[in-house]
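Protein chains in written order, with the numbering used here: chain A, 352 to 767; chain S, 9 to 176.
Quick caveat, the hints were computed from the structure, so don't treat them as lab data. Each statement offered as a hint is correct.
With beta-carbon atoms standing in for the labels, derived distance ranges: (1) K742(A) / D17(S): 51 to 57 Å; (2) D65(S) / D719(A): 50 to 56 Å; (3) N729(A) / C148(S): 21 to 27 Å; (4) T396(A) / L80(S): 25 to 31 Å; (5) T23(S) / K493(A): 47 to 53 Å; (6) G387(A) / D17(S): 30 to 36 Å; (7) D65(S) / D384(A): 28 to 34 Å; (8) T23(S) / G752(A): 50 to 56 Å; (9) L80(S) / N754(A): 30 to 36 Å; (10) D403(A) / Y70(S): 18 to 24 Å.
Ideal Cβ positions, reconstructed from N, Cα and C, are used throughout, including at glycine.
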Amino acid sequence: MTAANENRDSNDNPDSYDKEWAQMPHQPQQDPDPAGVLHALAQETAPPSAMDVLRAARDGFRLRRRRQVVRTLTGVTTAGALAAAAVLVPAQLDRTGGTAHHGSATSQTATVTTKATATATVSCPAAVGAAAAPVGADFTVKVAARFGWLPANLGNEIYEAPGNYSLNQGGMVYPQAYNAALRSTSNADPGIFLSVVPPTSDDPSCSGQEMAPHGSGILPTLSATSATSSKSSGPEVNGHPSTWALHEGVYTLSWQTSDGDTISLSEGSPESSAQADLTHIADALQVGAIPLPLPIQIKGVPASAKMEVGQIAQNNPQAGTTGATYDLQIALTFGNGNTADQAGISVAPAGHGTGIPSGEVGACKTSDGLDICVTAPNDKLVTDHYMPSLKALLDDVVSLGTNQADWSPNLVTGTN
Amino acid sequence: MAHHIPDGDFVDYMTGRSLWLRRVAYLLCQDWHQADDLAQTAMTKLYAQWPRARAFDHLDAYLRTILVNTYLSETRKPWWRRLASHEEVGADLPAATVDLDTSLELRDALAALPPRQRATIVLRYYCDLSVQQTAEELGCSQGTVKSNTSRGLVALRLRLESQNEVTA
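In isolation and in its complexed conformation, chain A is listed as follows (with noise of 0.2 Å):
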């Protein structure tokens, strides 16, 4: 053999290995191991070679620019599942009067830590209109935005998350907004990014604090002093004035609505067809709150748990129209403050759960066609908030099945 028995692990036996490849009865006079085995089915001859230095470059250079606006958005450092990030429906569960309301999170200024590497000069927008009113004050979950329109390309993976980025760590102030990401099936990037900000007199941007790169989903518009920027007058956007900026080679699409709310979109990749494909996707987009409906529910949580909805994933909400396999995430808090620890619950159709993570604690079934999973680092963790097991928590947990007409955006229903 080669240079890996000498580097083995005293502990391996290789020998052993070799010795159950000799004895195999398959020519073992031409094909003396398995690393010879491989290396002459390495060297067959191959078709011409479609892999292309300069385009990995080109989408390597938009995932490494994508990655640094999820971790400003969220703050961590893995993108993972959250190559969306959103902000909306953080409420805290509240029985001693018998119903619940927002936690803190869902005032309009919610405060998020993020790790800006970039700074851009940014327009401020006029607020124009009432302040978007909290939603989620009876668990329904809604978003800001639903898309009526989309290009065929990006129609199998759609990431959204409503979720709370309450974490009060210091830092910069952003405003209460929602960001959905459609990643394109060419699988390399996220294919557009939208978000939807609602007026404050906290938005960083007329406050002078470090601001997030563009491509965050969370600035408006850039300004035409960046070397690499430019803005122009874009088409108008169901009534509303919008306006174009380009930075580096990605359009974005801007406008206010009546309600004061900025939207923006932009398309990942550079393509010819992007203000055509963004201007198309404007007109359609839905703008407001809009329940969104989830296959799950959670029933009887005790008041004593303190629970709190901290961010809600969803993977191919379409699914079933396009084939792919539909996943939901639910980060959940128990307890408040110093005391507080966190579980998730994942969704996915049945045979397509993922189970418990390695190196988490938790709990599984199938119900109704869903495989529903409940995990934590340390189940001793939750159970110190929720009594009297993880597996508790799961109990209370119901499907409502695969048919999405039967889906509710009622998060947590039945509190007792």
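Using the hints provided, position chain S relative to the given structure of chain A.
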């Protein structure tokens, strides 16, 4: 429209590694077209990390880890399919490198292995990695590498025995 100008050292590096990367990808998936896709994705991910990765001491290992992780991730997706038929693969084979029947048998046997076992076998026996190095690249324990290696080889043997019996 502005376009990003690739880093020259990345282009230089990948120019020298493309063939190797493509071959490893091919051994993982046994299809040249999918191998191109895997290698392309690995290159893209590497470039996304290039400002940091260019200083790595073991850049080849880092790229290989990206490739293997991409492969394992792809195999978990529902649309992952082996698209190449035997006829298509056979048309790509040269006459002189290895015996055609043997090559097809070995490829089929390798393709029959579960993805992680296949990745383990490729890393151990094609990339010449130790158990420890393989465990690090796959993100698993050395014991898992050992068991995957043993099971993979046994599965290969059984598969080849079965094919030989059919041929006989």
